[in-house]
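Asker: Position chain B relative to chain A; hints supplied.
So the sequence lines, in the order shown, correspond to chains A and B.
The working numbering numbers the first residue of the first sequence as 1 and each following residue consecutively.
The working numbering numbers the first residue of the second sequence as 1 and each following residue consecutively.
Worth flagging that the hints you see were computed from the coordinates, not collected in a lab.
No residue lacks a Cβ here, since even glycine has one placed at the ideal position from N, Cα and C.
Don't take each hint at face value.
Claimed, not checked - With the C-beta cut set under 8 Å, the calculated list includes, among others, these residues of chain B facing chain A:
1. Leu141
2. Phe143
3. Tyr154
4. Leu157
5. Pro260
6. Ile263
7. Gly267
8. Ile286
9. Asn287
10. Gln289
11. Ile294
12. Phe297
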Amino acid sequence: MTTTAPQKKVKERSLGQSQFSVAWGQFRKNRLAKTGGVGLILIYLMALFAPFLAPDSLSSYSTTDITRFQPPTPVHFRDPQTGALTRPYVNKFSQQLNMDTFVNEYKATDEKCPIYFGVRGASYKILGFIPGNLHLYGTGNDQAGCNVFLIGGEALGRDLLTRTLYASQISLTIGVGAVLASTIIGLFMGALAAFFGGIVDTVVMRLVEVISAIPYLFLLLLLRSVFPQNINPIFALYVILGILAFIGWGGLARVTRGQLLSVREQDFVSAARALGASDNRVMWRHMLPTMTTYIIVTLSLSIPGFILLESGLSFLGIGAVEPYVSWGSLLAQAQEGGLSSLNSRPWVLIPGFFIVFTVGCFQLLGDGLRDAFDPRKRQ
Amino acid sequence: MIPFLVRRFFQAIPTLFLASVLIFFVISLAPGDFLTPARLNPGISEEQLRNLSISFGLDKPAYVQYFYWMWNMLHGDFGTSFQYTQPVLPVIWPRIVNSVWLVLLNLVFFYAIAIPIGVYGAVRQNSFGDKSINVVLYFLLGFPSFFLFLIVIYFILQIRNATGWDIPLGGMTSNNYDQLSSLAKFWDVLRHLLIPAAVLALTDAAGLTRVIRGLMLEVMRSDYIRTARAKGVSERTAIWKHTFRNAILPIVAGIGGLLPGAISGAGFVEVVYNYPGITPMLLTAINAQDLYLIAGFTVISTILLIVGNALSDILLAVVDPRIKVG
Chain A
1 MTTTAPQKKV KERSLGQSQF SVAWGQFRKN RLAKTGGVGL ILIYLMALFA PFLAPDSLSS
61 YSTTDITRFQ PPTPVHFRDP QTGALTRPYV NKFSQQLNMD TFVNEYKATD EKCPIYFGVR
121 GASYKILGFI PGNLHLYGTG NDQAGCNVFL IGGEALGRDL LTRTLYASQI SLTIGVGAVL
181 ASTIIGLFMG ALAAFFGGIV DTVVMRLVEV ISAIPYLFLL LLLRSVFPQN INPIFALYVI
241 LGILAFIGWG GLARVTRGQL LSVREQDFVS AARALGASDN RVMWRHMLPT MTTYIIVTLS
301 LSIPGFILLE SGLSFLGIGA VEPYVSWGSL LAQAQEGGLS SLNSRPWVLI PGFFIVFTVG
361 CFQLLGDGLR DAFDPRKRQ
Chain B
1 MIPFLVRRFF QAIPTLFLAS VLIFFVISLA PGDFLTPARL NPGISEEQLR NLSISFGLDK
61 PAYVQYFYWM WNMLHGDFGT SFQYTQPVLP VIWPRIVNSV WLVLLNLVFF YAIAIPIGVY
121 GAVRQNSFGD KSINVVLYFL LGFPSFFLFL IVIYFILQIR NATGWDIPLG GMTSNNYDQL
181 SSLAKFWDVL RHLLIPAAVL ALTDAAGLTR VIRGLMLEVM RSDYIRTARA KGVSERTAIW
241 KHTFRNAILP IVAGIGGLLP GAISGAGFVE VVYNYPGITP MLLTAINAQD LYLIAGFTVI
301 STILLIVGNA LSDILLAVVD PRIKVG
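Bound conformation, chain B alone:
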C-alpha cells in the first residue's frame, strides 16, 4: 500500500507543475502585468511598487517570473489581492472551505440517489418502475443545474407563501448565526446546504444512474453470479456483495475525475443561491481584473482535485484488492 501511495504522489507532481505553468502563462497573456491595478491606486507608494516589482521579478524574463511566482507560492504567498489589498490566501481560504462543504454534501446526495436507483433499474430491468425512472432521468439530463434550481426556488417561494415555513433561500447562515450554540450552528448551515446540494445532485445523478444500471446488468450476467446463486446465497447477498461490489469498480476509479465537474457545477448553484463559495468571488475578481485572486483559486482548486484523484485511487485499492498487488 505504501509504495503505491508514494508512486501516486510522485505521479501527481508533473501534472501540478504543468498546470501551474499553464495558469501562469494564461495570466501573463492578460494586458498589463500584476502591478497595473496597483499603479492606478494612489494608496500604494512608489517604494511599495518597486518592492513588489522586485519580489515578483517583473524586470526579468517571463520564465524567471514564473519561478519567482512558484517560489512565493511554495512559501504560502499567493500574492496580494488588489481588490481587498490583502494577501490572497486568507481571503480565498474560507470561500474554498465553504465550497468544499457544498461539494461534499452534493456528492453524498449524488451517490445516495444514483446507486439505489441504478441498482433498482438493473434488478427490475424493463419493469414499469425502471422505464418511468429512465424517462424522468433522461428529461432531467437536459436541465442546466441553475435553471432547475431557479424552478425549485420558485416552488419553494410558493410553499413559503402558502404555509409560512421558513425554508432558507440563499446564503450559508441565518441572520442570528452568531448567537446560536455550536450544534444549532451546524444544523443552520446544514439546513442552508440541503436544497442546493440536493438539486445539484439530482441533475448530475441522471448520467451516473444509467452507468450504474449498465454496469450492474453486465456483471449480473456473468458466470460467477450464477455460481453464487446456485450455491444458494440470498438474493440480497447476490446483488449487493457479489454484483454491486464488482460493478462499482469503474465508478470508484472515476470519482477523482468527477470532482472538477462537481466543483464547477456547484459554481452555478452558488451564484443562484448567493452562497459564499468560490465562484461568486471569482466572478467579481474577473470584473476587477484581480488576477492573483483568480490564479490563487485556480491553483488551490487544482491541488485539491489532484489530492481528490489520489484519494479515489486509494479508495479503489481498498475496494479492489487486486490493485494493491500490481
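Pulled out of the complex, with its shape left as it was, chain A reads as follows:
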C-alpha cells in the first residue's frame, strides 16, 4: 500500500520558474513582510511629496512673531456657540510672559483661523524639477499667531511637522545611499582580494580587520574631523554618506572573498574558462551572480542599522546641519535648555517615532526577504 506524505502538497508549477519568482511567491505569503513593504512605500511617498503635505516651507519662520516651542494647536470641528459642524479651524494664539515664572505662555484667543485644503503658499519643486505652490492644508493667511502646528513648533518657531516631513527626505536617503555605496565597495574589495590573492588579499583583509578594531563611533568622528566644521551643508551630507559607506564595507568584503574563493574551484567556472571566457566575463557573468540573494538579503537587513547610525550622527550634530534637517537632528532639540525642560515640550520627541517606524518596516521587509530566499523556510 502506498501512502502519500500528508505535508507534501505537490503543486503544479510551470517548469523553469526562476529563483526570483519562487522568492516572490514566498514573500507574498508573508503578511508581516508585506506590511513592512507597504509601510515603506507609504513613508517614501510621504518623503517624495513632503513639500505638498507640509503646510510651510523647510525653513520659513517669522522674525516678528517668534513661536519658539509653541505647543500643538488643537483643530476644532465644531462651532463653540452653536455646536454645529463647521469648517475645521484653529484658534489664533497669542503669547504672554507669565510674570511669576518668566515663561512665555501661549494662549488661545477666540479668534478663529479656518483651515483650507489645497491652499497656495510657499513655492517648492518636487524632485527638484516639478514646481508647485499648492499645500495640502493651511490657514492661508499670514496673520501672526494663525499657524496650524499639528505637532507643535520647534526651537526657531518653525512648524515641527513641516520639518519632520522634510527631514524624512534626508533620513530615508542617506541610510539607503550609504548601504548601496558600502555594498559596491565591499563587493569590489572582496572580488579584488579573491581574484588577485597574495599581497592584495592580505592588505584588503587586514584593512577590514583594522576598521573593525576601531570603535565605529570614534572612527566616524575622526573621519569627520578631517573636514572643516563649516563646510557647505550639502557637501556635509555627502561627507557623512561617504564616511558611513567607508566604515560599513568590511563584513561584505569578507563574505564576498570567501564565497568567490569557493566558487572559483567549481565546475561551471572551469567550464567558462575552458570555453575561453575572459577574466572580466567570468567575474561578472559567472562568479558575482552567485552572490545575488546574499546581497539582497544583507542589503535590506543592514539598511535599518545605517538609518539608526545616521540619526545618531545627526543627533550629535555632525550629520545634517542647518538649513537641512534629519530626524536625528530634530531630536537634538529635546536637549536644548537642559533635560528637565523636556517636560514642558514632549512633542519634540515625535520625530523619533518616524525613525522607529521606518526601521521597523525595513526589518520586517528584510526578515521577509531572508525567509523568502531561504529554501529551508519554504512553505
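Answerer: Relative to the frame of chain A, chain B by itself:
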C-alpha cells in the same frame, strides 16, 4: 594555556600597528598640521613651536613623522592637547575610566537581560510569553538608544514631579559628592549609572536574546541532550549544564567583537545624560580641531578593545576546554 596567550598577544600586534597607521593617516589628511592651532595661539612662543616641530619631525616626510609619533606614544607621550594646553594622557584618562565603568555595568545588564529571556524563549518555545517577548524585543530593535533614553527621561521627569523622588538625571556624581564617605561615593556613582546602563542594555539585548534563543533551540534538539534526559538528569541540569554551556560558546567568542559597538553605543547615551565619558569630550575636540586628543582617544580605545578581544578568547578557553588543546 600560556602558549595560547603568548600567541594571542603576538597576533594582536599587527592589528594594533595597522590601526595606528590608519589613524595617523587620517589625521595627516586634515588641513594644516598638528601645530596649526598652536601657531594661532599667542601664548606659545616661536621657540616652543620649533621644539614641537622638531620633536614631531614635522620637517621630515610623513612616514618619519609616523615613527616619531609612534615612538612618543610608546613612551606614554600622546602629544599636547591644544584645547587644554596639557599633555593628552592625563586629560583623557579619567574620561576613559568613566566610560569603561558605564560599558561594564551595561554589559552586566546586557547579559542579565538577554540570557534569562533567551533561555526562557527556547525552553517555552512558542508559548504566549515567548511570543509576546519576541514582539516587544522586535519593537525595541527599532529604537535608537538615545531616543529610548530621551523617552525614559521624560517618564522619569513625570515620576519625579509626581512623587518627589530624587532620581538622578545626568552626570556621574551628585553635588555633594566630595563630602560623602567612600561607601556612599560608590553608591552615588552606581545610582547615576544604573538608568543609562539599563536603557542601553535594553536596546542592545534585543538582538542577543534572539541569538541565544536560536542557539539554545539548536542544541536542545541534539542527541546528547536526549541522552542526558534519558539518563534521568533533572530538567534544570539538562538546560543549564548541558544545553546552555554548549549554546553560549559562539556568544563568548563574540564578546570581544561586541565591545566596539558597546563603547560606541554608550557614547550616544553619554551625550544625552551629560556623562563625563569619552564621547562628549571627543565632540568638543572635533569642534576645536584638537587632533591629538581625538587620536589619543581612538588609539587608547582601540588598545582596550584588542585587550578585550584577547580576554574574550581566554574566557572562551575557560568555557570550552577543547580550545586549549588546539
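Asker: If a hint holds in the structure, say so; if it doesn't, say that too.
Answerer: Hints versus structure:
{"no.": "1", "hint": "Leu141", "verdict": "holds (6 Å)"}
{"no.": "2", "hint": "Phe143", "verdict": "holds (6 Å)"}
{"no.": "3", "hint": "Tyr154", "verdict": "holds (5 Å)"}
{"no.": "4", "hint": "Leu157", "verdict": "holds (5 Å)"}
{"no.": "5", "hint": "Pro260", "verdict": "holds (4 Å)"}
{"no.": "6", "hint": "Ile263", "verdict": "holds (5 Å)"}
{"no.": "7", "hint": "Gly267", "verdict": "holds (5 Å)"}
{"no.": "8", "hint": "Ile286", "verdict": "holds (5 Å)"}
{"no.": "9", "hint": "Asn287", "verdict": "holds (6 Å)"}
{"no.": "10", "hint": "Gln289", "verdict": "holds (7 Å)"}
{"no.": "11", "hint": "Ile294", "verdict": "holds (6 Å)"}
{"no.": "12", "hint": "Phe297", "verdict": "holds (6 Å)"}
Violation of the numbered hints given earlier is absent; every hint is satisfied by the structure.
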